[in-house]
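Undergrad: One-letter residues, chain by chain:
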Amino acid sequence: MKSLVELRQLRSEIDNKQAAAQLNLKAKIIVGMGTCGIAAGAREIFEAIEEELQKGNSDAVLTRTGCIGMCEQEPLVDVQLPGGDRVTYGKVTKDDAIRIIREHVLGGAVVEDKAVARCITGKQQTGHELDQQARIPTYDDLDFYRKQYRIVLANCGRINPESIDQYIAVGGYEACAKALTMMSPEAVIAEVKGAGLRGRGGAGFPTGLKWELTRKTPSGKKYLICNADEGDPGAFMDRSLLEGDPHRIIEGMIIAAYAIGASEGYIYVRAEYPLAIRRLQIAIEQAKAYGFLGKDLFGSGFDFDLKIKKGAGAFVCGEETALMASIEGKRGMPRPKPPFPSVSGLWGRPTNINNVETFGSVPWIVKHGAEAYKAVGTEKSTGTKVFALTGKVKNTGLVEVPMGMTIREIIYDIGGGLDEGKELKAVQIGGPSGGCIPRDLLDLPIDYESLRDAGAMMGSGGMVVMDNSTCMVDVARFFLKFTQSESCGKCTPCREGTKRMLEILDRICSGEGREGDIELLEELGNHICHTSLCQLGGSAPNPVLSTIKYFRHEYEAHIKDKRCLANVCAGMGGAYVIDQQTCIGCGLCARVCPTGAVSGERKQPHVISEQLCLSCGACAQKCPVSAIVQA
Amino acid sequence: MNCICGHAQESYAKYFDPLYSILSNYSKDESSLIPVLQDAQDHYGYLPLDVLKEIAGYLGLSLGKVYGVVTFYSQFHLQPRGRNVIRVCTGTACHVRGGAEVLKAIENELGIKSGGTTDDLEFTLETVACIGACGLAPVIMVNDDTHGRLAPETVAMVLNAYRTKGEEVSRATSHVSH
Ligand SMILES: Cc1cc2nc3c(=O)[nH]c(=O)nc-3n(C[C@H](O)[C@H](O)[C@H](O)COP(=O)(O)O)c2cc1C
Ligand code: FES
Numbered sequence: 001m002k003s004l005v006e007l008r009q010l011r012s013e014i015d016n017k018q019a020a021a022q023l024n025l026k027a028k029i030i031v032g033m034g035t036c037g038i039a040a041g042a043r044e045i046f047e048a049i050e051e052e053l054q055k056g057n058s059d060a061v062l063t064r065t066g067c068i069g070m071c072e073q074e075p076l077v078d079v080q081l082p083g084g085d086r087v088t089y090g091k092v093t094k095d096d097a098i099r100i101i102r103e104h105v106l107g108g109a110v111v112e113d114k115a116v117a118r119c120i121t122g123k124q125q126t127g128h129e130l131d132q133q134a135r136i137p138t139y140d141d142l143d144f145y146r147k148q149y150r151i152v153l154a155n156c157g158r159i160n161p162e163s164i165d166q167y168i169a170v171g172g173y174e175a176c177a178k179a180l181t182m183m184s185p186e187a188v189i190a191e192v193k194g195a196g197l198r199g200r201g202g203a204g205f206p207t208g209l210k211w212e213l214t215r216k217t218p219s220g221k222k223y224l225i226c227n228a229d230e231g232d233p234g235a236f237m238d239r240s241l242l243e244g245d246p247h248r249i250i251e252g253m254i255i256a257a258y259a260i261g262a263s264e265g266y267i268y269v270r271a272e273y274p275l276a277i278r279r280l281q282i283a284i285e286q287a288k289a290y291g292f293l294g295k296d297l298f299g300s301g302f303d304f305d306l307k308i309k310k311g312a313g314a315f316v317c318g319e320e321t322a323l324m325a326s327i328e329g330k331r332g333m334p335r336p337k338p339p340f341p342s343v344s345g346l347w348g349r350p351t352n353i354n355n356v357e358t359f360g361s362v363p364w365i366v367k368h369g370a371e372a373y374k375a376v377g378t379e380k381s382t383g384t385k386v387f388a389l390t391g392k393v394k395n396t397g398l399v400e401v402p403m404g405m406t407i408r409e410i411i412y413d414i415g416g417g418l419d420e421g422k423e424l425k426a427v428q429i430g431g432p433s434g435g436c437i438p439r440d441l442l443d444l445p446i447d448y449e450s451l452r453d454a455g456a457m458m459g460s461g462g463m464v465v466m467d468n469s470t471c472m473v474d475v476a477r478f479f480l481k482f483t484q485s486e487s488c489g490k491c492t493p494c495r496e497g498t499k500r501m502l503e504i505l506d507r508i509c510s511g512e513g514r515e516g517d518i519e520l521l522e523e524l525g526n527h528i529c530h531t532s533l534c535q536l537g538g539s540a541p542n543p544v545l546s547t548i549k550y551f552r553h554e555y556e557a558h559i560k561d562k563r564c565l566a567n568v569c570a571g572m573g574g575a576y577v578i579d580q581q582t583c584i585g586c587g588l589c590a591r592v593c594p595t596g597a598v599s600g601e602r603k604q605p606h607v608i609s610e611q612l613c614l615s616c617g618a619c620a621q622k623c624p625v626s627a628i629v630q631a
Numbered sequence: 001m002n003c004i005c006g007h008a009q010e011s012y013a014k015y016f017d018p019l020y021s022i023l024s025n026y027s028k029d030e031s032s033l034i035p036v037l038q039d040a041q042d043h044y045g046y047l048p049l050d051v052l053k054e055i056a057g058y059l060g061l062s063l064g065k066v067y068g069v070v071t072f073y074s075q076f077h078l079q080p081r082g083r084n085v086i087r088v089c090t091g092t093a094c095h096v097r098g099g100a101e102v103l104k105a106i107e108n109e110l111g112i113k114s115g116g117t118t119d120d121l122e123f124t125l126e127t128v129a130c131i132g133a134c135g136l137a138p139v140i141m142v143n144d145d146t147h148g149r150l151a152p153e154t155v156a157m158v159l160n161a162y163r164t165k166g167e168e169v170s171r172a173t174s175h176v177s178h
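As they're listed, the protein sequences go chains C and Y. The opening residue of the first sequence carries number 1 in our numbering; numbering runs sequentially from there. The opening residue of the second sequence carries number 1 in our numbering; numbering runs sequentially from there.
Check before you lean on any hint, since a few could be wrong.
Taking beta-carbon pairs under 8 angstroms as the criterion, some of the chain Y residues facing chain C (in silico) [unchecked claim]:
#1 Ser32
#2 Ala129
#3 Gly135
#4 Ala137
Covered stretches of chain Y (chain C as the covering partner; in silico rule of three or more C-beta atoms under 8 angstroms from a C-beta of chain C) [stated by the list, open to error]:
#5 42-48
#6 71-77
#7 147-160
The set of hints was computed from the structure by calculation and includes no laboratory data. Cβ atoms here follow ideal geometry from the backbone N, Cα and C, with glycine treated the same way.
Generate coordinates for the entire structure from the input sequences, incorporating the hints supplied.
TA: Written as structure tokens, this is what we have:
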């Protein structure tokens with residue numbers, strides 16, 4: 001590959017090939033095969049379709065694609081008849097799949113009751129099909145998609161991630177051709193700086209500035225790293241991106257490597273993502289074969305090679321200095337900064353490290369220019385952000401929205417709100433380093449600064465919706481337990497401090513909280529935030545501090561009234577009840593009850609009033625026949 | 001590695017041959033340590049002390065250093081493990097959607113706690129913070145296969161597919177396989 005012209009030639013060849021396939025009048029069936037699709041049964045469906053096509057003697061083409069983001073509707077199957085629209089079917093079972101093949105692929109009639117949406121691709125349609133298709137919403141009609149703005153996820157669920165040709169056919173690698181043949185490294189950096197792109201790995205550091213710092217450090221050898229360790233529980237955007245559009249990340253990395261002058265790159269992927277690793281391997285091989293990786297790329301004299309490193313199961317390795325230690329073969333422990341990686345990183349060389357989504361945004365910026373990118377989002381947080389919407393929301397899935405959209409819009413307009421009868425209590429944003437945003441703040445615009453000021457954090461972009469059945473103290477404990485067990489142990493505030501905080505939370509959750517515990521948590525938390533070596537400890541108290549800030553009354557209820565308002569914490573739980581069959585009517589329980597909640601005639605089964613019961617358990621301890629249990 | 005059958009030399013070689021062929025794929029320096037450990041564990045199922053000694057010798061590292069790395073990363077194991085490794089997600093999304101009940105159901109089904117291995121070495125049970133399939137919570141992984149939208153009642157069916165001679169059955173349930 002030597003030039004943009006050559007790439008365009010290749011693209012038109014691929015276009016012609018695809019057009020020829022269309023002319024051959026072959027139907028296309030595409031099965032969503034990301035980890036989530038497969039977990040929902042996509043492989044079984046793929047096999048069923050294969051079999052059915054053979055039986056029907058059909059020459060339809062069966063392929064796969066990555067995650068389109070509609071997790072709730074998995075498994076997803078798309079059907080595109082020659083000249084027709086691409087119709088997406090959701091929640092497909094094996095029987096549905098067979099029906100879809102018989103009725104739609106072989107019979108030409110859309111299976112309307114299973115259709116979720118269609119993508120307008122059709123040109124020449126017959127009358128009946130046209131009518132039928134008109135009844136199915138287009139992707140843009142769906143609430144889930146209308147408000148999204150897909151830059152990074154544009155191809156996910158659309159192209160086959162194992163085919164470089166399909167990526168090229170949608171304009172892939174043109175940005176990297178443009179950068180390498182028509183722009184100087186400085187110009188590339190200026191463009192990314194001008195776009196205002198900030199790191200999507202959590203902290204939001206300006207990407208262009210980081211590249212510039214690495215470029216300016218003199219050294220014979222520099223490295224580029226893609227951070228795909230994605231350890232935040234509740235986040236899966238990086239996985240989906242790597243599984244659904246690996247070439248976009250590779251292209252972003254080639255551009256970055258050119259800009260900073262790095263000849264060697266690593267993608268550090270967590271070992272829990274076997275499918276992402278495999279798709280990346282395939283993509284790297286293909287890119288090498290096409291001359292996008294290797295020596296003298298696009299005749300620019302610039303060489304770049306890319307390797308995959310598999311993580312070994314340590315959350316802290318997502319931290320950049322720990323990650324580099326891990327690539328070097330050491331224990332993945334962070335070290336103090338400065339020196340920053342841009343000055344002294346991998347094997348002491350200047351190293352630039354960015355998140356998957358950061359790299360995923362780069363090709364678009366180079367192709368469309370800084371101004372176009374800046375036009376999306378807010379002044380200080382430009383562009384889009386991908387969120388993993390999960391928890392008690394109707395449409396779980398991956399959504400990409402312009403920065404500055406409100407949390408309410410994401411949850412209600414895109415996510416479809418909560419299930420019938422459920423009320424939103426809080427939204428957890430940013431995983432273990434983030435915080436819980438209460439209902440009152442739903443109109444908060446999503447950008448780096450607003451979230452930080454509210455006590456949360458962009459983090460990697462996990463967004464977990466919680467309703468009234470979630471106990472906020474328990475959630476705080478859950479996250480702290482996670483960070484505590486992932487603490488590498490190198491610095492004292494994080495190693496010891498998180499443990500002490502966890503002990504306090506444990507006792508609060510088991511009904512043994514003491515007066516002053518809340519204040520102690522706040523004091524400890526603030527100290528840990530300010531004195532930890534890395535941001536693992538530095539942000540570990542966030543979930544606790546933010547829940548204290550917004551849900552202090554829940555902590556107080558646990559400590560003072562020994563009550564868990566959500567009935568989650570065991571040991572406090574709900575009211576006690578008396579088994580009517582076992583009760584002998586001795587009345588001991590009524591005598592010890594501090595609130596007079598027990599009533600009943602002597603020698604008759606007694607009952608406990610749910611309203612009055614404090615769940616103190618005194619009655620159960622006295623009962624001679626063990627007739628009293630907690631509901 | 002001493003035995004009294006008289007074939008010590010032979011079985012010694014047989015035991016380590018796979019390790020040597022793994023090592024031959026990597027350069028003799030520290031940066032190879034983690035990938036070598038990963039490959040060795042893939043082959044042996046865990047990391048026996050003798051294997052660690054060989055690796056340390058080959059890469060020119062002290063055994064202490066190798067041991068330090070092995071114990072730092074949760075992926076590495078010094079004890080034999082079950083043929084099938086079950087990882088139950090206890091991440092946020094799964095936590096909120098009932099992951100704990102799924103874990104309990106599996107513990108009951110297998111009669112072991114998280115971290116344990118069944119006596120017949122069929123299953124090892126672990127928890128993991130997030131598998132990245134949160135949209136389908138609650139989720140578990142068995143070996144490299146991900147199973148989503150589970151309920152305590154459906155757990156036994158999933159596991160049965162993995163019991164020995166379950167190879168064919170396992171094809172029939174939904175999973176990511178490699
Ligand atoms: C404990 C901890 C875990 C982290 N995990 C990740 C991660 O999984 N992925 C990631 O991209 N960044 C992670 N980071 C942030 C990285 O240190 C680094 O800032 C980031 O990769 C830089 O990329 P960006 O500028 O593109 O955001 C983590 C930081 C800390 C302190
Ligand atoms: S929280 Fe369970 S898969 Fe992410």
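Undergrad: Evaluate each hint against the coordinates.
TA: Here is how each hint holds up against the structure:
The closest approach between the C-beta of Y/Ser32 and any C-beta of chain C is roughly 7 angstroms, which is under the 8 angstroms cut-off, so the hint is satisfied. Hint status for Y/Ala129 relative to chain C: holds, with the closest Cβ pair at about 5 angstroms, below 8 angstroms. Because the smallest distance between the Cβ of Y/Gly135 and any Cβ of chain C comes to about 2 angstroms, under 8 angstroms, the interface hint for this residue holds. Proximity of Y/Ala137 to chain C holds as hinted, the smallest CB-CB distance being about 7 angstroms (cut-off 8 angstroms).
Only when three residues or more bring their CB closer than 8 angstroms to a CB of chain C does the claim for the stretch 42-48 of chain Y stand; here the count is 0, and the claim is violated. For a cut-off of 8 angstroms, the count of residues in the stretch 71-77 of chain Y with a CB near a CB of chain C stands at 5, and the three-residue condition holds. A count of 3 residues in the stretch 147-160 of chain Y with a Cβ less than 8 angstroms from any Cβ of chain C is obtained; the coverage claim is therefore met, three being the minimum.
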